[in-house]
Amino acid sequence: MRMKKLLALAMSAVMVLGSLTGCGSSKSSSSGKADSINILVWEGTWSEDAFKDFTKKTGIKVNVSYIDNTDTIISKLVEGNANYDVIDLESAYVKTFVDNDLLAKLDNKSLTNKKNIADGIPAATGDEKMEYTCPDMAPGYTGIVYNKETCPIKITKFSDLADPKLKGQVAMVNSTISLYGAALEALGYKASSKKESEVKEANELLKRIKTNVKAFVGESAVSQLENGECSVALCWDYITLCNDSKDNWDKFAVADIDSDYEMFCQYWSVPASSEKKSAAEKFINYMLEPDALAKCYKENGGAPLLKADVIKSYLPDGYYDNPAIAEYEKLEKKSWCVAVDDDLISLMDTYYTELMGED
Amino acid sequence: MTKTNEEQLLAKPNKRKRKDKKSFKTRLASIIMCGPISVWSVLFIILPIILLAFMSFMTKGPLGRVVYKFTFENYAEMFKPVYFTVIKQSLIIALWTTLLTVLLGYPLAAFIANVKKKTSGILTVLMMLPLWVSGLVILYSFVIMLNKTGVINQFLLNLHLIKKPLNLLYNNFAVIVGMIYMFLPFAVLPMFSSIEKLDKGLIEASKDLGAGPVKTFMKVTLPLTSPGIFAAVILTFIPCIGYYMVTDMLGGGTNMMVGNLIYRQFTISRNWPFGAALAMVLAIVIFLMLFIYTKLGGDLDDLGA
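Protein chains in written order, with UniProt numbering: chain A, 1 to 359; chain B, 1 to 305.
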């Protein structure tokens, strides 16, 4: 009996302690001014030096957490135990976040540097007026990248990836949206189709392509392309390849196909739960300054978000010679973007499981 | 009632008091000894399993939220052929890995058990070395080693033994090599323990009675070390079913394992109840295997339980 009581006591103590762990937060000073903010950003995109500069300028410390997929943000925000003031949100999920009241409206008047953003940078589906989000990076694309020297065929359509000559030479991203969206588009359907018959048809096409696939990759197909394991890849890495080495500029290219490519963009946003919206907006505005963004591009590369005349002088000479920048400008007119929701993910994921179950 | 009886009766409460005091001390000692691990087990093993079982009967809500509405649907969903294929694939990979790991591990365990004690100790430590390194680091080393521009291909090309790089990565060969490497220590250790405990006199007796090495091995050594082999099978097969990192990194992720399926439910699909149901079924399969193991005379201590 005593043992049971002791056990119950110990458990209660641990539970109480556990419930208190969520109470710690970034502090606000007595004057109400935030002295730190917590941000959640994508890996391999930002410069910690830029964040430090923001702290020097404003006195607001930036506590950075990194993510490698949007699911992490969703689970953290939905569980309600996250304590973030700024998040770096993927375009496909903006609508879901807005619809579920997870984001706070931004005070666009305080985002004075928004004027620096290049024309043509799209607003996210679900927030067409950019009330909740602000672009933080130029769009990227999931394209078919091929090695000009080793790819045995000329790729003119998505279904060419099923050509037997490419046996064992294809790498593909394992994102369901990217895969099924591309297949649906290639078949002439909407990338966001929820019609079972259309998704099934897309699955059949992907099954044919799978016979040529050597590797499905989670994050990057750069190593598979660079080390010669694969001669072609459906991936979002063209810009990374071009940043890696100038040799890759002549070696790799994006296939010009008859269907559109997936476009993805990233947006700054403030979670509705943040108590430091003003400091968060200050941070967002700072990250739209050419000096701050240039630091990020110098470290990680990427197509510039800001107007060329605003940022060019902050970037190394020849930065704009990178063929990926011109290629991405071209793709902007030939791209699709979906706003994902639970039903779409669920439908595509069931077919994805079937696809991966095939030998 | 005689005086002696009266004395005896009077003495009983004192004895009981002493006994109570003693048993209290024993209990206190047990609480101190077992208390922390019991609390830890309850909090981090039993409670999570209960929570998992509870969640597996709940309903998926929007944005991955769990709606507390009872349903059997998550278990019914598993009977769809699409999931059977994934389970079948996982079982095939786990069976091959187990078979090859045990076949390779047994001679190694026998060798370690039959060398001098000092050498045996060094070999055992060497055997356990990979367990001290992160699995991810090991797998990345394999990628570096096996890819077309990797160490092995470069070595063979430099020796002019091959004209073009071999396809060593992103295939079943790479998966099996990686799996065996990861699980070999788990298989060797229980078999080594079994072989070491083997009464060498019985082998001598078998030889004296005219049995050759093969017959001695089949009739004496193998049956007597079978608990170690069984333990090796369990320790390899069970983690193998759910282990998907090797197939993802060395196999190219072209096939889905049960582990992938569960992982996806908790991340991309955001269907925690279904993920919980899958995890529960996997846990039940593991418990059943352990149950069969003990029924066949296996000792859970050999598995580290």
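Take the hints with a grain of salt, since some may be wrong.
[Claimed, not checked] Once the Cα atoms are required to be at most 27 Å apart in a straight line, the calculated DSS-like pairs of lysine-lysine come out as: (1) LYS195/A to LYS163/B; (2) LYS194/A to LYS164/B; (3) LYS167/A to LYS88/B; (4) LYS163/B to LYS167/A; (5) LYS163/B to LYS148/A; (6) LYS251/A to LYS148/B; (7) LYS76/A to LYS69/B; (8) LYS164/B to LYS148/A; (9) LYS210/A to LYS80/B; (10) LYS207/A to LYS69/B; (11) LYS164/B to LYS154/A; (12) LYS164/B to LYS210/A; (13) LYS282/A to LYS251/A; (14) LYS148/B to LYS148/A; (15) LYS148/B to LYS167/A.
FYI, nobody ran anything at the bench for these hints, they're computed from the structure.
So, going through the hints one by one against the coordinates:
Straight-line distance between C-alpha atoms of LYS195/A and LYS163/B comes to about 50 Å, which puts the hinted pair past the 27 Å bound. Distance hint between LYS194/A and LYS164/B is unfulfilled; the C-alpha atoms sit about 46 Å from each other, more than 27 Å. For a cut-off of 27 Å, the pair hint linking LYS167/A to LYS88/B stands: about 25 Å separates their Cα positions. Proximity of LYS163/B to LYS167/A is assessed by CA-CA distance (about 20 Å); at most 27 Å being required, the pair is judged to hold.
As the CA atoms of LYS163/B and LYS148/A are separated by approximately 22 Å, the hinted pair is consistent with the 27 Å bound. Taking the CA atoms of LYS251/A and LYS148/B, the gap is about 17 Å. The hint holds against a cut of 27 Å. At roughly 23 Å between alpha-carbon atoms, LYS76/A and LYS69/B fall within 27 Å of each other, so this suggested pair holds. Of the supplied pair hints, the one linking LYS164/B and LYS148/A holds, its CA atoms being roughly 19 Å apart against a limit of 27 Å.
Note on LYS210/A and LYS80/B: the hinted pairing holds, with a Cα-Cα distance of about 22 Å set against a maximum of 27 Å. With a C-alpha separation of about 36 Å, the suggested pair LYS207/A and LYS69/B falls outside the 27 Å cut-off, and the hint is violated. Annotation: proposed proximity of LYS164/B to LYS154/A holds, straight-line Cα distance about 24 Å (limit 27 Å). Of the supplied pair hints, the one linking LYS164/B and LYS210/A holds, its CA atoms being roughly 25 Å apart against a limit of 27 Å.
At roughly 42 Å between alpha-carbon atoms, LYS282/A and LYS251/A are farther apart than 27 Å, so this suggested pair is violated. With a C-alpha separation of about 18 Å, the suggested pairing of LYS148/B with LYS148/A holds against the 27 Å cut-off. At roughly 16 Å between alpha-carbon atoms, LYS148/B and LYS167/A fall within 27 Å of each other, so this suggested pair holds.
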